[in-house]
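J.: Chain residues, written in single-letter form:
Protein chains: 2
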Amino acid sequence: MKPFSKNQLERYPLYLRYFKELQEQGFQLAPSPAIASRLGISEELVRKDLQAVCKEKGRPRKGRDVASTIAALERFLGYGKPEHAILIGVGNLGGALLHFGGFADSGLCFDAAFDASYQVSGKQIAGKNVYPMSALPSYIKAKKVRLAVITVPSEAAQSVATLLVENGIVGIWNFAPVTLKVPKSVVVENVDLSSSLAVLFHHMKEQGGPNHW
Amino acid sequence: MKPFSKNQLERYPLYLRYFKELQEQGFQLAPSPAIASRLGISEELVRKDLQAVCKEKGRPRKGRDVASTIAALERFLGYGKPEHAILIGVGNLGGALLHFGGFADSGLCFDAAFDASYQVSGKQIAGKNVYPMSALPSYIKAKKVRLAVITVPSEAAQSVATLLVENGIVGIWNFAPVTLKVPKSVVVENVDLSSSLAVLFHHMKEQGGPNHW
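Sequence order for the protein chains is A and B.
Using this note's numbering, you'd call the opening residue of the first sequence number 1 and step up by one each time.
Using this note's numbering, you'd call the opening residue of the second sequence number 1001 and step up by one each time.
One chain only, chain A, in its complex shape (with noise of 0.2 Å):
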């Protein structure tokens, strides 16, 4: 089977978003027309993600069937078993990501968080633990953590994600813009809000045409 490409794997969860919207209207067949049009992507495009994931087949000028796509979706994204996460660095950003409670439903749940200053290690956000750095390798490796979400400043990340990875981390989820040097056992998915501006002001900048800016 051909591997998932990023952007492919990325809509996912919004398929997910949408038919658990459907269900909630009361719809049990979900037509390839209306989900194309929803997340703005070509009919092809749906038919070939979904089949990639559900074994299910749609039925013609019918849909797919909404509960059991739900539960394939979920399946796949691994949703049923969260994964449990360190989150290091409890900055705006960091206690912002502890605050929001949302990531349970996307397959993350938070256990504890590290800092490298005494004002907030000892602390409690959000209901978790805020532990001094010296405290993570033992931690790591007490709760067989697997994964960590960096949230430090940029000129701390590849220390922390060096720490990390020498401690049995094999995910991490990087929110400091750098590009961290890690194994290749390791995987490391970067949120980078300045190559998301750069999409934006792109576009803008195409739509309002050049006497714009």
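Rather than coming from a laboratory, the hints here were simulated on the basis of the structure.
Careful, some of the hints might be misleading.
Claimed, not checked - Cross-link-like lysine to aspartate or glutamate pairs, in silico, EDC-like; alpha carbons within 16 Å at most:
no.	chain 1	residue 1	chain 2	residue 2
1	B	Lys1184	A	Glu206
2	B	Lys1205	A	Glu74
3	B	Lys1006	A	Glu10
4	A	Lys205	B	Glu1074
5	B	Lys1002	A	Glu206
6	A	Lys2	B	Glu1206
7	A	Lys184	B	Glu1166
8	A	Lys6	B	Glu1010
9	B	Lys1020	A	Asp111
10	A	Lys20	B	Glu1155
11	B	Lys1055	B	Asp1065
12	B	Lys1143	B	Asp1065
13	A	Lys205	B	Glu1206
14	B	Lys1006	A	Glu206
15	B	Lys1205	A	Glu189
16	B	Lys1184	B	Glu1166
17	A	Lys123	A	Asp111
18	A	Lys141	A	Asp105
19	A	Lys6	B	Glu1074
20	B	Lys1144	B	Glu1166
Following the hints, put chain B in place on chain A, whose structure we already have.
T.: Same frame as chain A, now just chain B:
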């Protein structure tokens, strides 16, 4: 010329960051193999990307001039003239974005924030005034704002987007996990953390093998 792909646009801030790093370290020329290795992409892609935005060609076997490439990237990304923006929804995430000082370097500058709650409107957050939603239409018109950042809860996002568009906003940076319906002339860039997590989990699953899940 070929239009820029989303992935390509997302790479330009990464190039800029690496070139600035090289400049700080005293390098005057950046060889393509070094750039390719740092960004984890092919040399061919590096050359295509940079040729699309810099008139000056790289010197064979020596590399690209660091200073002029930085200037070209900043011009392309519009960083010389930051776009003024308003932020709607001062919850945890909205507050974190206002506190985060780094957006000016990425071409975005917050003018003010708006919130439906009486508890926050009328206050200042990170030095920015927070106004009630009723002040939104006149503010957009008076200040000629083109860009808005949406950090309201999902259920409020569509009505906020509609209000923004009606009042002249042409670019939306959307952090609400909702596919917004807007006219084609309005640019929406979504920051969807559940999509990012879906990519991360899928690759962790591939690495770890089925026994680990």
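J.: Take the hints in turn and mark each one as holding or not.
T.: Against the structure, the hints come out as follows:
1. Lys1184(B) / Glu206(A): Answer holds: Lys1184(B) to Glu206(A) is near 12 Å, not above 16 Å.
2. Lys1205(B) / Glu74(A): holds, 14 Å
3. Lys1006(B) / Glu10(A): holds, 13 Å
4. Lys205(A) / Glu1074(B): holds, 14 Å
5. Lys1002(B) / Glu206(A): holds, 13 Å
6. Lys2(A) / Glu1206(B): holds, 13 Å
7. Lys184(A) / Glu1166(B): Judged against 16 Å, a Cα distance of about 48 Å means the pair is violated.
8. Lys6(A) / Glu1010(B): This hinted pair holds, its Cα atoms lying about 13 Å apart.
9. Lys1020(B) / Asp111(A): violated, 36 Å
10. Lys20(A) / Glu1155(B): Holds - the C-alpha atoms of Glu1155(B) and Lys20(A) are around 14 Å apart, at most 16 Å.
11. Lys1055(B) / Asp1065(B): Roughly 11 Å separates the two Cα atoms, so the pair holds.
12. Lys1143(B) / Asp1065(B): violated, 39 Å
13. Lys205(A) / Glu1206(B): violated, 39 Å
14. Lys1006(B) / Glu206(A): Holds. Lys1006(B) to Glu206(A) sits at ~14 Å (cutoff 16 Å).
15. Lys1205(B) / Glu189(A): Holds, because 13 Å separates the two Cα atoms, which is no more than 16 Å.
16. Lys1184(B) / Glu1166(B): Holds - the C-alpha atoms of Glu1166(B) and Lys1184(B) are around 13 Å apart, at most 16 Å.
17. Lys123(A) / Asp111(A): holds, 14 Å
18. Lys141(A) / Asp105(A): violated, 26 Å
19. Lys6(A) / Glu1074(B): Roughly 27 Å between the alpha carbons, so the hint for Lys6(A) and Glu1074(B) is violated.
20. Lys1144(B) / Glu1166(B): Given that 16 Å is the threshold and the Cα spacing comes to 13 Å, the pair holds.
In this structure, the earlier hints numbered 7, 9, 12, 13, 18 and 19 are contradicted, and the remaining ones agree with it.
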